[in-house]
Amino acid sequence: MLEIKDLHASIEDKKILNGINLVVNAGEVHAIMGPNGSGKSTLASVIAGKEEFEIKKGSLALDGEDLEELDPEERAHKGIFLSFQYPVEIPGVSVTNFMKTAINASRKARGLEDMPANQMLKLIREKSEMLEIDRKFLSRSLNEGFSGGEKKRNEIFQMAMLEPKLAILDETDSGLDIDALRIVANGVNKLRGKDNAIIVITHYQRLLEYIVPDFVHVLHDGKIVKSGNKELALELEEKGYDWIKQETVV
Amino acid sequence: MDLKDKLLSSFIAFENNMDLDHPVHDVRSEAIKNFEEKGFPSKKEEAWKYTSLNAIQKVDFSIFPKKENTLEYKDIKKYFLHEIDTYKIVFIDGVYSSYLSETTHDGVDVCLMSAALTKPQYKQIIDVYFNKVASKDESLTTLNTAFSKEGAYIYIPKNKVPKKPIQIVHLATGNEAALMLQPRNLVIVEENAEVQIIERHQSLTGNEVLTNSVTEIFAAKDANVDYYKVQNDENTASLIDNTYISQKDKSVVRVHTFSFGGKLTRNNLNFYQNGEYMDSVLKGVTILGEKQHVDHHTLVHHAQPNCESHQDYKGIFGEKSTGVFNGKIIVDKIAQKTNAFQQNNNILISDKATINTKPQLEIFADDVKCSHGCTIGQLDEDALFYLQSRGIPKKEAVALLMYAFANNVLESVRIPELKTRINKIIANKLGVRVGFDL
Numbered sequence: 001m002l003e004i005k006d007l008h009a010s011i012e013d014k015k016i017l018n019g020i021n022l023v024v025n026a027g028e029v030h031a032i033m034g035p036n037g038s039g040k041s042t043l044a045s046v047i048a049g050k051e052e053f054e055i056k057k058g059s060l061a062l063d064g065e066d067l068e069e070l071d072p073e074e075r076a077h078k079g080i081f082l083s084f085q086y087p088v089e090i091p092g093v094s095v096t097n098f099m100k101t102a103i104n105a106s107r108k109a110r111g112l113e114d115m116p117a118n119q120m121l122k123l124i125r126e127k128s129e130m131l132e133i134d135r136k137f138l139s140r141s142l143n144e145g146f147s148g149g150e151k152k153r154n155e156i157f158q159m160a161m162l163e164p165k166l167a168i169l170d171e172t173d174s175g176l177d178i179d180a181l182r183i184v185a186n187g188v189n190k191l192r193g194k195d196n197a198i199i200v201i202t203h204y205q206r207l208l209e210y211i212v213p214d215f216v217h218v219l220h221d222g223k224i225v226k227s228g229n230k231e232l233a234l235e236l237e238e239k240g241y242d243w244i245k246q247e248t249v250v
Numbered sequence: 001m002d003l004k005d006k007l008l009s010s011f012i013a014f015e016n017n018m019d020l021d022h023p024v025h026d027v028r029s030e031a032i033k034n035f036e037e038k039g040f041p042s043k044k045e046e047a048w049k050y051t052s053l054n055a056i057q058k059v060d061f062s063i064f065p066k067k068e069n070t071l072e073y074k075d076i077k078k079y080f081l082h083e084i085d086t087y088k089i090v091f092i093d094g095v096y097s098s099y100l101s102e103t104t105h106d107g108v109d110v111c112l113m114s115a116a117l118t119k120p121q122y123k124q125i126i127d128v129y130f131n132k133v134a135s136k137d138e139s140l141t142t143l144n145t146a147f148s149k150e151g152a153y154i155y156i157p158k159n160k161v162p163k164k165p166i167q168i169v170h171l172a173t174g175n176e177a178a179l180m181l182q183p184r185n186l187v188i189v190e191e192n193a194e195v196q197i198i199e200r201h202q203s204l205t206g207n208e209v210l211t212n213s214v215t216e217i218f219a220a221k222d223a224n225v226d227y228y229k230v231q232n233d234e235n236t237a238s239l240i241d242n243t244y245i246s247q248k249d250k251s252v253v254r255v256h257t258f259s260f261g262g263k264l265t266r267n268n269l270n271f272y273q274n275g276e277y278m279d280s281v282l283k284g285v286t287i288l289g290e291k292q293h294v295d296h297h298t299l300v301h302h303a304q305p306n307c308e309s310h311q312d313y314k315g316i317f318g319e320k321s322t323g324v325f326n327g328k329i330i331v332d333k334i335a336q337k338t339n340a341f342q343q344n345n346n347i348l349i350s351d352k353a354t355i356n357t358k359p360q361l362e363i364f365a366d367d368v369k370c371s372h373g374c375t376i377g378q379l380d381e382d383a384l385f386y387l388q389s390r391g392i393p394k395k396e397a398v399a400l401l402m403y404a405f406a407n408n409v410l411e412s413v414r415i416p417e418l419k420t421r422i423n424k425i426i427a428n429k430l431g432v433r434v435g436f437d438l
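Residue numbers (our numbering), protein chains in the order written: chain S, 1 to 250; chain E, 1 to 438.
Rather than coming from a laboratory, the hints here were simulated on the basis of the structure.
A few of these clues could be false.
Cross-link-like lysine to aspartate or glutamate pairs, in silico, EDC-like; alpha carbons within 16 Å at most [unchecked claim]:
| hint | chain 1 | residue 1 | chain 2 | residue 2 |
| --- | --- | --- | --- | --- |
| 1 | S | 5 | S | 51 |
| 2 | E | 123 | E | 26 |
| 3 | E | 369 | E | 319 |
| 4 | E | 395 | S | 214 |
| 5 | E | 394 | S | 71 |
| 6 | E | 394 | S | 52 |
| 7 | E | 6 | E | 60 |
| 8 | E | 149 | E | 308 |
| 9 | E | 394 | S | 74 |
| 10 | E | 395 | E | 380 |
| 11 | E | 394 | S | 51 |
| 12 | E | 395 | S | 74 |
| 13 | E | 163 | E | 85 |
| 14 | E | 250 | E | 290 |
| 15 | E | 358 | E | 308 |
| 16 | E | 158 | E | 85 |
| 17 | S | 194 | S | 214 |
| 18 | E | 394 | S | 69 |
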């Protein structure tokens with residue numbers, strides 16, 4: 001589904017990704033771990049199409065189609081979804097209106113009519129119940145004044161609404177208490193299927209107890225320095241990242 | 001002949017048709033003297049530093065339209081808030097149009113300034129209120145005073161609330177190559193009375209129009225006034241709007257100014273607080289493009305203790321448009337416990353657009369809360385990426401962010417149909433559909 005080959009990316013001439021190779025197939029869950037500043041969030045942003053990052057070398061493709069020239073919205077229309085580490089506050093636009101706009105924009109891109117209002121409401125009700133989101137919450141301005149946990153839960157709500165092919169969860173666990181983590185993970189797991197894939201970016205193994213990955217990759221200095229199965233995450237939790245760094249030097 | 005000379009010579013002809021024994025005659029004579037002395041303001045004056053009237057003065061405006069013009073309602077319906085029932089005071093080229101209007105004397109007076117200025121039953125009120133809060137010094141206001149003859153006259157007696165909102169609509173047919181209009185409005189809202197007014201100036205062709213309008217509003221104790229100015233005129237129409245408001249104890253006056261059109265617009269909005277525990281609310285949304293120019297000059301004079309004022313102006317400037325915001329707040333020494341808030345936020349969406357923003361605070365009391373903030377920025381790139389990553393195309397995402405930016409100013413609009421209409425104008429102005437019901 002997602003194929004990244006020797007990807008190098010920079011921001012303002014600062015090299016952040018230095019040759020990433022990653023293949024994610026439908027039905028798989030990949031975890032990307034690594035110390036601060038290793039390039040995890042940059043990788044997520046580059047896949048989602050953030051303009052300030054410049055691809056210097058290499059390629060990334062979704063279902064064989066090169067993504068580099070596509071705008072973020074076009075990538076979203078193709079089924080890429082990024083759950084933000086720091087969701088942006090948009091005062092003046094309610095969660096509901098935002099979702100309506102997003103869903104209908106994607107439908108329009110696919111040549112479909114707007115989703116009928118009753119169907120939209122039903123979908124919103126269903127997905128918000130799944131994530132145990134209070135109805136009142138939906139009429140509030142998007143992310144404005146939300147707690148860290150509420151923002152993350154709202155991200156997963158959006159994911160549930162948009163049903164992406166490839167979801168990238170960028171530190172979705174940060175700011176969540178254990179109950180919220182369980183609800184969010186449960187929501188994510190419900191979206192797992194043979195036709196879609198998930199990339200989970202995290203510092204900690206905690207989230208991976210709930211969203212169990214098929215593969216774990218360790219990112220360091222903008223490169224994947226080690227890949228393995230879910231056991232690798234446990235090993236990292238135990239030993240920290242230093243042994244990986246040392247291994248890389250050797 | 002330049003415009004000033006033309007106006008001065010027209011004044012003689014104008015006065016010849018008036019009752020020279022009426023006390024307003026003296027007011028007009030004083031006013032024209034002031035204008036003769038001062039003339040049009042120039043950019044040398046601090047208050048007009050960023051707004052030039054030079055080009056306007058070179059236009060050969062007709063001061064009085066040569067003939068009466070008529071219009072079909074169906075052709076101009078869109079300029080009215082037609083979704084709801086309202087009283088209407090409508091003028092075509094400055095002349096009252098009875099068949100487009102719906103006035104009343106049923107408990108309240110919603111009628112004409114020309115009647116109020118001439119008929120004996122209004123004399124007492126005119127003596128008390130006319131030209132009492134409008135400046136006797138500011139040249140364009142005095143120019144209007146000199147020619148004051150027609151406009152809206154609204155009188156709401158104690159404890160009364162009109163059955164419906166009032167629309168004041170000025171239409172310019174374009175039958176004159178260039179037309180100057182000087183409407184004069186007087187709004188008196190007595191104790192514990194209420195009123196909602198929507199005002200609009202609309203040119204129907206690309207012919208040049210200059211409107212120099214003066215509105216005086218008196219809000220007595222516990223009065224509640226909502227005044228909405230819809231400025232969405234043709235790019236050949238210029239408006240100088242001078243509004244003077246006198247407030248008494250516990251009154252609330254809210255003025256919303258929606259500036260989306262016109263060539264040159266100058267809003268002089270002046271609040272004078274003459275009592276305690278009152279609130280003055282000044283809100284504005286400005287969305288400009290092309291070479292449009294809007295200049296908001298506000299004044300809130302806190303003269304008594306325990307009062308509040310809330311100013312919130314948002315501006316979005318594209319292409320080669322220019323905006324000015326100058327917000328002056330005066331807090332007199334005795335006006336302790338004043339809460340005065342002022343906010344002016346602007347987004348420039350073009351490299352060639354300009355905004356000049358200036359708060360001007362003169363505070364002589366020591367126990368007050370005054371806050372002011374001006375921002376000028378571009379759209380937040382992170383917010384834009386966030387919306388795009390959810391599949392919202394960039395153009396719509398920009399519109400949604402701008403819509404959201406302007407949106408909180410609309411929260412205080414108390415006529416839902418007007419709010420919807422303004423939302424639609426905003427969406428239209430931004431050139432996109434925002435994907436949900438406005």
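Here's how the hints hold up against the structure:
Note on residue 5 of chain S and residue 51 of chain S: the hinted pairing is violated, with a Cα-Cα distance of about 19 Å set against a maximum of 16 Å. Of the supplied pair hints, the one linking residue 123 of chain E and residue 26 of chain E holds, its CA atoms being roughly 14 Å apart against a limit of 16 Å. The hinted pair formed by residue 369 of chain E and residue 319 of chain E fails the criterion: a straight-line CA distance of about 37 Å is larger than 16 Å. A threshold of 16 Å between alpha carbons decides the hint, and for residue 395 of chain E with residue 214 of chain S the separation of about 39 Å lies outside it, so the pair is violated.
A threshold of 16 Å between alpha carbons decides the hint, and for residue 394 of chain E with residue 71 of chain S the separation of about 9 Å falls inside it, so the pair holds. About 15 Å separates the Cα atoms of residue 394 of chain E and residue 52 of chain S, which keeps this hinted pair within 16 Å; it holds. For the proposed pair residue 6 of chain E and residue 60 of chain E, the alpha carbon gap of about 9 Å is at most 16 Å, so the pair holds. With a CA separation close to 34 Å, the supplied pair residue 149 of chain E and residue 308 of chain E exceeds the 16 Å bound.
Under the criterion of a C-alpha separation no larger than 16 Å, the hint pairing residue 394 of chain E with residue 74 of chain S is consistent with the structure, at around 10 Å. Proposed proximity of residue 395 of chain E and residue 380 of chain E is supported: the alpha carbons are some 14 Å apart, at most 16 Å. For the proposed pair residue 394 of chain E and residue 51 of chain S, the alpha carbon gap of about 12 Å is at most 16 Å, so the pair holds. Between residue 395 of chain E and residue 74 of chain S, the direct Cα distance comes to roughly 13 Å. Compliance with the 16 Å bound is thereby established for this hinted pair.
Distance restraint check for residue 163 of chain E and residue 85 of chain E: the Cα-Cα separation of roughly 9 Å lies within the 16 Å cut-off, and the hinted pair is therefore satisfied. Pair hint residue 250 of chain E plus residue 290 of chain E does not hold up; C-alpha atoms about 42 Å apart against a cutoff of 16 Å. Between the alpha carbons of residue 358 of chain E and residue 308 of chain E the distance comes to roughly 20 Å, so the proposed pair goes past 16 Å and is violated. About 23 Å separates the Cα atoms of residue 158 of chain E and residue 85 of chain E, which puts this hinted pair outside 16 Å; it is violated.
Our distance criterion of 16 Å between C-alpha atoms is met by residue 194 of chain S and residue 214 of chain S, whose separation comes to about 13 Å. For the hint linking residue 394 of chain E to residue 69 of chain S, the alpha-carbon distance of about 15 Å falls within 16 Å, and the restraint holds.
Hints 1, 3, 4, 8, 14, 15 and 16, counting from the list given before, are not met by this structure.
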